[in-house]
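K.L.:
Here is how the chains run, residue by residue.
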Amino acid sequence: MKPQQQIETGATLLNVENVSLRFGGVKAITDVSFDIRKGEVRAIIGPNGAGKTSMLNVINGFYHPQDGRITYRGATRSKMRPHVAASQGIARTFQNVALFKGMTTLDNIMVGRTLKMRKSFFWQLFRHGPAMAEEIEHRKFVEEIIDFLEIEHIRKVPVGKLPYGLQKRVELGRALAMEPELLLLDEPMAGMNLEEKEDMCRFILDTKEQYGTTIALIEHDMGVVMDLSDRVVVLEYGIKIADGTPDEVKANQKVIDAYLGVAH
Amino acid sequence: MFYRESGQFKKTYAADMAVFPILQDRIGIAIILFVAAVIIPLFGSTFFISSVMIPFLVFSLAAMGLNIVTGYTGLISLGTGAFMGVGAFACYKLTTIFPNVNIIIWILASGFFSAAIGALFGLPSLRIKGFYLAVATLAAQFFLEWCFVRIPWLYNYSASGAIQVPQRTLFDLPITGANATPVTRYLVLLGIVVFLTWIASNILHGRIGRTFMAVRDMDIAAELMGIRLLPAKLMAFALSSFYCGVAGAVMMFLWYGGGEAADAFNIRQSFNILFMVIIGGLGSLIGCYFGAALLSAVPLILKFGFPAMGIAIGSQTAEHINHLFVGSLIIFFLIVEPHGLARLWQIMKQKLRTWPFPY
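So the protein lines, in turn, are chains U and L.
Going by the numbering used here, the first sequence opens with residue 1, and the numbers climb by one from there.
Going by the numbering used here, the second sequence opens with residue 1001, and the numbers climb by one from there.
Okay, chain L solo, but in the shape it has when bound:
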């Protein structure tokens, strides 16, 4: 009833081409941003912010990265975890070599290292597609994972092989390291994620995004329209890896606060993010958030929700139920709605537009 576009006439092409052409959508986004930036930091508990919101935002960013290459360009990548790792290590090395440069700059810059590696491993994509490409990116995953463990230079020769996140400040406020409060880390992360989402939306709504989708939908036709496939695919890989790299850097620096990178960026992480993208919706930015929310919330609900309701459930059992749940969810979505939660969201919006009439 309130979600109507009647009476909203677009008088310019710019208004028609806006990302949110409908007023209600713009209001909705403003409310979400307000809640995320003001309400949650003010009223959210430490637990909620550090264990729910921060993982959710990190995974959203990583899912966005994977969605650019898999959802928009149609190239399956199983190297997401490794590309995230590249970002984390790049950020770690950069900030230990140049400690005086602001950490936020290094977090964003680490994406470029990841982008370069991603483009390198994207090279086979010109010749191979589908499963074979997935296997090629799997090689990237295993090779890079090996590097993370076997090249001590990457973790500054620490005995445990773990990254120790140093304290870095912004305007004398610690934003990484042990002294950073969850709220500051959350706000920094939110800023990065919102900024990068905006950039991604700009890219994907413009010429480059159309190029990606053309390559995905019909590569022969795209080629004959003058799109060169190799640059387009490499660009998709680079862009995707950039996002994954930044996600990996913020994961290490703003969420984990250090740890064994080889564990955090292993093949299971790659699959986890792939599932988020599939469940959220291939080729949809909002789907990344849906998928990340669902898959990062489910383990938490199982782990903390049931005990809170008085149902005793062991952490082992919770883990197993989690696996069962995610597995069945994926099968469910592949059968019922291959376009994921994002499509359900669209259908719901369509229904809302016409409610209370059926059409």
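Bound conformation, chain U alone:
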């Protein structure tokens, strides 16, 4: 991997400029611009169908916007490719858990290391020497993540058998295994009980602290959003209606209208 220049904390890591995304006649995102700074937790909120998940899909290259530009780590492009995004350090989790159901927790997280594994096909044939050394080295890293997320006991359990809360945790682990610069979390707390939510919040904050990961977060639990995030961007019907610190956003009349409705 080519050496990447370091981006200082607080500098712009990702800049989204005037992005528009249409599916036929449906305007998913219209002319949205915002930036994500290195080291912050950036929340993207909005009512259902506001285009939040589409926005994440644009950022990591799964959707290609019709207009607009995305600048990531100083490189501007009109569209990302998923594997390029992944190799440049953008990882994500999914709204509805998208784990590899037939594989164990360990293997799932090991998949996150795929891009970091370089040993050739030839050595893979024998699973000895360099390939095995590499495998062990990455296993060590994965074990650290397993430790970090407190999922030691389910290391060898196929993830299809795990309860929902743990699946979400494994998914976070899989994303962390990529050592991401920018971590996109799509509703990490959906469908969790209070205790699980608190655990998840702790993991998100610890991730930021320990790995220095920048986090973009979609979440519907406003308490969580306001507590965790440094800055919030609000979308409604694909249009950005507010952007700022949690307090600013909370006080914004447009946001209140979007969530509570307007009396006509």
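In case anyone wonders, no lab produced these hints; they're calculated from the structure.
One or more hints might be untrue.
[What the hints assert, rightly or not] With a Cα cut of at most 20 Å, we get these calculated SDA-like pairs of lysine to any residue:
(1) U:Lys140 x L:Lys1011
(2) L:Lys1351 x L:Arg1004
(3) U:Lys208 x U:Gly223
(4) U:Lys140 x L:Met1017
(5) U:Lys116 x U:Glu143
(6) L:Lys1011 x U:Ile136
For chain U, the structure is supplied; the task is to place chain L on it using the hints.
P.N.:
Below, chain L without anything else, positioned relative to chain U:
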């Protein structure tokens, strides 16, 4: 009672990541290999070796090939028979053009031809999935089958259109052709199958195997983790076809000893191997052996077992019962245990670990 892992502490990641982490498993594998390599050649009858063991090993290899693409990567292929045929013809052409090179090298090399063809027909897999991909691979089956009959160059313009396996030797011992004894053919085949199983297990336990399974389980997530789908799928097709090709080559050279390839590598063969994989267990290497054993043993039992017990049964009837049996077996497995014999084996091992306690 004897199958316990208590007291076996793993002190290194290497020990934990071993294919057989439990001592009893390693002993079991050693015993199986010993029986296969020493006991059977010494004490097995000619009939047992040439009609039971050799077909079983050939089918295991073919099932392994199909399992890589269907069980591990989740892409249905109905072209197995044709890919086996490519291997058989490649081996035949290679050994007639370069007769002095050892046949074992050509058997393994023929897999590469099959791999190339397989990757070519795997190209549509990026765009289409499921049934549609099955139909696309079906096209490969029919097209290649047509080639086997219509291109006389492939069978050296012989009048019958059949492959005539020439005699080839290893250390002056004939291993193919009419003079090769079943025991030599069996041992050569066993060597190839064991070696390739080991390679397959290495690949599937490592990075590449995880890539395949990731593509199978959730291709969108795999893509966003940086796995490029097309190379991964083509690699699965190539690897699978390699195994199928070698299986086809050994089928022609070490089992049939020649014959009309178009018959041996037709669509029924493809389905037969697909059934082995389904019954044995999708996504399991040991399942390939289970499936091959069951589906190659059942016809033999019906054909020779019943007459031996004094029950007169015509060969036509045996054939029909065989069809009935295999059909009902597939339905049974799809309903009761979609993961096949391999899963039953796992459950049994789990029970053995805790026996005599229920859990």
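K.L.:
A separate judgement is required for each hint: does it hold in the structure or not?
P.N.:
Here is what the structure says about each hint:
{"no.": "1", "hint": "U:Lys140 x L:Lys1011", "in the structure": "holds, 13 Å"}
{"no.": "2", "hint": "L:Lys1351 x L:Arg1004", "in the structure": "holds, 11 Å"}
{"no.": "3", "hint": "U:Lys208 x U:Gly223", "in the structure": "holds, 19 Å"}
{"no.": "4", "hint": "U:Lys140 x L:Met1017", "in the structure": "holds, 12 Å"}
{"no.": "5", "hint": "U:Lys116 x U:Glu143", "in the structure": "holds, 16 Å"}
{"no.": "6", "hint": "L:Lys1011 x U:Ile136", "in the structure": "holds, 13 Å"}
Consistency note: the structure conflicts with none of the earlier hints.
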